[in-house]
Amino acid sequence: MIPTVLILGAGSDMAVAIARKYASESYAIQLAARRPEQLHALQQDLQIRHNTTATTHAFDATDFDSHAAFYQSLPVKPEIVICVFGYLGDQEKGQRDWQEASRILHTNYTGAVSILNVVAEDMAARKSGTIIGISSVAGERGRMSNYLYGSAKAGFTAYLSGLRNRLFHTGVHVMSVQPGFVNTRMTENLSLPPLLTAQPEQVAKDVFKAAAKKKNVIYTKWFWRYIMLIIRNIPEFIFKKLKL
Amino acid sequence: MRKQLSNWGNYPALDCDESSFSQEDQLLQYVNTHDHMIARGNGRCYGDASLGEHSISTLRYDKVLSFDIKAGIFECQSGVTLDQVLEIIVRDGWFLPVTPGTKFITVGGAVASDVHGKNHHAEGSFSNHVISMEVLTGKGYVTCSPDQDSDLFWATCGGMGLTGVITKVKFRLKKIETAYIKQKQIKAENLDDILRLFDEYRHYTYSMAWIDCLQKGKSFGRSILIVGEHAKKEELNSKQVRFPLELPEKLKLTVPFNLPSFVLNNFTVKAFNALYYAKNFKKEINNVVPYEPFFYPLDAIHHWNRGYGKQGFVQYQFVLPIDRKEGLAAILRRISEKGWGSFLAVLKVFGKQDDLISFPMEGYTLALDFPVRKGLFPFLDELDAMVLAYGGRLYLSKDARMQQEVFWKSYPNAAKFADIVKTYNPGGKFRSVQSDRLGINNYELAITNYE
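Same order as they appear, the protein sequences are chains A and B.
Counting from 3, one number per residue, gives the positions in the first sequence under my numbering.
Counting from 487, one number per residue, gives the positions in the second sequence under my numbering.
There's no promise every hint is true.
[Claimed, not checked] Calculated cross-link-like contacts (lysine-lysine; reagent style DSBU-like; alpha-carbon spacing at most 30 Å):
1) A:Lys129 - A:Lys216
2) B:Lys489 - A:Lys207
3) A:Lys245 - B:Lys489
4) B:Lys556 - B:Lys661
5) A:Lys223 - B:Lys796
6) A:Lys95 - B:Lys489
7) A:Lys223 - B:Lys489
8) A:Lys242 - A:Lys129
9) A:Lys242 - A:Lys95
[To be verified] Label pairs and their in silico Cβ distance ranges:
10) B:Gln512 - A:Arg145: 52 to 60 Å
11) A:Ile233 - B:Leu784: 40 to 48 Å
12) A:Lys217 - B:Tyr627: 54 to 62 Å
13) A:Lys217 - B:Val741: 29 to 37 Å
14) A:Ile236 - B:Lys489: 28 to 36 Å
15) B:Ala757 - A:Lys217: 39 to 47 Å
16) A:His42 - B:Thr691: 31 to 39 Å
17) A:Ser130 - B:Tyr627: 54 to 62 Å
18) B:Ala901 - A:Glu27: 49 to 57 Å
19) A:Gly173 - B:Tyr627: 32 to 40 Å
20) B:Thr519 - A:Lys216: 42 to 50 Å
21) A:Asp65 - B:Tyr627: 46 to 54 Å
[Said to hold, decoys possible] Rough simulated footprint, nothing fancy, chain B against chain A, three-plus residues with beta-carbon under 8 Å:
22) 186–192
23) 210–217
No lab work stands behind these hints: they were computed from the structure.
Glycine included, C-beta positions come from ideal geometry on N, C-alpha and C.
Could you put together the complete structure from these sequences and hints?
Following this line, the structure appears as structure tokens:
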């Protein structure tokens, strides 16, 4: 029986890399995104490159009421669910425009909680499965340049940690992924330092390897664990004066 | 985001705004809201052909769309690189119909440059194997083929991205029995000898020669001819035949930072001499090798271009008509007298090609590197004049500095090409530093000057 991975938010560069990695390791892939017609090329790509099966499914992270029905409709219940979707948004716009702010919060936090609640119930009942949440180091400390996104990711990180605690007792594993800078279309307008920036393929490799080893929290690239350790420990009276 | 971009020659390095797309509508939206843009693949052309005010990277548009394993027909988005194609097709007994000396180019780039390989004399250039393609022109998405909107098709093959962004390509593959090449290496004493050998071995599908540019006198043009065929199963040894279609292992060497250029030169001198003077190298060596070292010897060293230092280099590639052999000798002599070029040059004989704007024509093509230095460009202008006088032309994918006049005088269909570009790219939305330099988007002016 070929194991199945469900990728939520399959349109992003990171999702493409993760889907390819799992496909190359002989998993069947379920691709879910708001506009499934845009996933057909990726579906073909995975099947041709990796000789696996891939299916596409309509999933809207911010349409919370649809989540239970979406999960019910999957032809096969996945062994692994990877929550990749996210929305960086525009911090400055979000400060003035509630629509932008709520989109950032609902995509990165509420939407993730809503769908993973559904997944968690199913996996807990089955007493098996793995949930992987792609959060962000931005959630570890609020900074002036992206605290809307950061606070939503902070919420998501805390949710994952609680979920891990709960599901551990049912045999379900939950892994949190804290990527630092990643070179994707989402970040192509930011000037990221090349040495600190991971390629999506690197993130995908790290996720696969760590999930196979049942790691709890991973940073990718690995040294972000230490960068964030330092950043978290800067005293607030200094931190607030920095322009970060 | 604005950043310094340069292609493989590291010259010129220009401030460009680079964006990418992974869905059709993202590209469409970008093209509708910007001007002065040019598509860019993996940055393996050498000069300024894919540099512009806005460069649109196709690298995230990299999905394989179909692969008919029985018929050998492959279709993909333009950002898929040839090394990815090989990883998919070789295991099923197929190969690229044409491949240049590096597999790290995109399929879109292969069309835009209409790349040629060691088999040009036998199988033509890449466009010869393209069934159809989709291009986002200034007038929207158009699917074209030799039978449908053929003007667009031919102006896009070798058209350096000036008709728009190539988005999808469908092409024919070549059947192989094994992932190995049966190769023959033959020593040539001098230029006459090598040209004679090319003729003698013209029935081989693949052929090219390394030529030593430093030799003078009676060893002038000393070289090694390398010819090959895809190996059949019965030609493999007992170890190879166990997994005949297995891909070679990935090589890991890299040049981590820019080096002074003598390093690379010393390296190639040694490599060539080791081969040429090897004790066991009589007149000829025959062996069966994986396809990788045969087609892509330099891909084994990632970033070998850094071997030419920070100031970069220009690769100079020209072709002369087959009946102008004396021109080849004259130009090679001028290069060797000057002593500024790389020690090795690649020599190859092209077959007939009769299309709109592609580089190849029946004749001799020579390619070598020149590290950028003071006085180089006037010297290359001097070589251009010789190329022009012998009826030859330069390869646009290598070019970073040709004068406008040389282009218009050496490409006989330049005006016709520019006219089609104008139809599909009205207002010159798609333009590069190169096309501005050559005046392709402003051709009425250019033609009156040079016709």
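Hint by hint, here is what the structure shows:
no.: 1; hint: A:Lys129 - A:Lys216; in the structure: 15 Å, holds
no.: 2; hint: B:Lys489 - A:Lys207; in the structure: 28 Å, holds
no.: 3; hint: A:Lys245 - B:Lys489; in the structure: 23 Å, holds
no.: 4; hint: B:Lys556 - B:Lys661; in the structure: 10 Å, holds
no.: 5; hint: A:Lys223 - B:Lys796; in the structure: 29 Å, holds
no.: 6; hint: A:Lys95 - B:Lys489; in the structure: 25 Å, holds
no.: 7; hint: A:Lys223 - B:Lys489; in the structure: 23 Å, holds
no.: 8; hint: A:Lys242 - A:Lys129; in the structure: 45 Å, violated
no.: 9; hint: A:Lys242 - A:Lys95; in the structure: 21 Å, holds
no.: 10; hint: B:Gln512 - A:Arg145: 52 to 60 Å; in the structure: 28 Å, violated
no.: 11; hint: A:Ile233 - B:Leu784: 40 to 48 Å; in the structure: 43 Å, holds
no.: 12; hint: A:Lys217 - B:Tyr627: 54 to 62 Å; in the structure: 45 Å, violated
no.: 13; hint: A:Lys217 - B:Val741: 29 to 37 Å; in the structure: 35 Å, holds
no.: 14; hint: A:Ile236 - B:Lys489: 28 to 36 Å; in the structure: 30 Å, holds
no.: 15; hint: B:Ala757 - A:Lys217: 39 to 47 Å; in the structure: 45 Å, holds
no.: 16; hint: A:His42 - B:Thr691: 31 to 39 Å; in the structure: 37 Å, holds
no.: 17; hint: A:Ser130 - B:Tyr627: 54 to 62 Å; in the structure: 46 Å, violated
no.: 18; hint: B:Ala901 - A:Glu27: 49 to 57 Å; in the structure: 54 Å, holds
no.: 19; hint: A:Gly173 - B:Tyr627: 32 to 40 Å; in the structure: 50 Å, violated
no.: 20; hint: B:Thr519 - A:Lys216: 42 to 50 Å; in the structure: 47 Å, holds
no.: 21; hint: A:Asp65 - B:Tyr627: 46 to 54 Å; in the structure: 30 Å, violated
no.: 22; hint: 186–192; in the structure: holds (count 4)
no.: 23; hint: 210–217; in the structure: violated (count 0)
In the structure shown, a violation is registered for the earlier hints numbered 8, 10, 12, 17, 19, 21 and 23, in ascending order.
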